[in-house]
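Heads up, the final residue of the sequence shown is numbered 467 in this note's numbering, and it's a clean run with no missing numbers.
Heads up, a few of these hints could be off.
Cross-link-like lysine-lysine pairs, in silico, DSS-like; alpha carbons within 30 angstroms at most [unchecked claim]:
{"#": "1", "residue 1": "Lys451", "residue 2": "Lys371"}
{"#": "2", "residue 1": "Lys414", "residue 2": "Lys447"}
{"#": "3", "residue 1": "Lys371", "residue 2": "Lys389"}
{"#": "4", "residue 1": "Lys436", "residue 2": "Lys457"}
{"#": "5", "residue 1": "Lys389", "residue 2": "Lys457"}
Hints listed in this document are in silico derivations from the structure and should not be mistaken for laboratory results.
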Amino acid sequence: MFSFAVVVGLLCVLPSEAKESAPNVQVYSREPGTIGKANTLICHVSNFYPPEINIELLKDGKVMSSANQTELIFGEKWDYYLTKHVPFTPLANEKFICKVVHLGKSNDYFWESDM
353 MFSFAVVVGL LCVLPSEAKE SAPNVQVYSR EPGTIGKANT LICHVSNFYP PEINIELLKD
413 GKVMSSANQT ELIFGEKWDY YLTKHVPFTP LANEKFICKV VHLGKSNDYF WESDM
């Protein structure tokens, strides 16, 4: 019972030590990006605080509804990590974006094929 109280106490005190931190965002594909070849689009968002964040994968401005997201991962420096991914087959002239909204700020990060 004592150890539970200590853990709860630490969880209440230590987050106040954390400072707001904008996310680092990486957009890439599992395999080299080749037009017309099936692949997986990945958006990895790391080192952000607080944990409230929204990540969307977009194809030509429309949400890719079949995307999956990992569970929120907690880092040792009171920061967080998330990854969102979706199968896709890029075609010429299509635009793929990872849209991240954190602390009221929205940013778009573009995927670039290797071609």
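Query raised in the report: Going straight from one Cα to the other, do Lys436 and Lys457 come out at no more than 30 angstroms?
Result: Holds: Lys436 and Lys457 sit about 19 angstroms apart, inside 30 angstroms.
Query - Given hint Lys389 paired with Lys371 - CA-CA distance at most 30 angstroms - result: Cα-Cα ~42 angstroms, so violated.
Query - Hint consistency between Lys414 and Lys447 [alpha-carbon to alpha-carbon, up to 30 angstroms] - result: Holds: Lys414 and Lys447 sit about 10 angstroms apart, inside 30 angstroms.
Query - Restraint status (C-alpha distance of Lys389 to Lys457 at most 30 angstroms) - result: Cα-Cα ~33 angstroms, so violated.
Query raised in the report: Taking only the CA atoms, is the gap from Lys451 to Lys371 under or equal to 30 angstroms?
Result: holds, 23 angstroms
In this structure, the hints that do not hold are numbers 3 and 5, in rising order.
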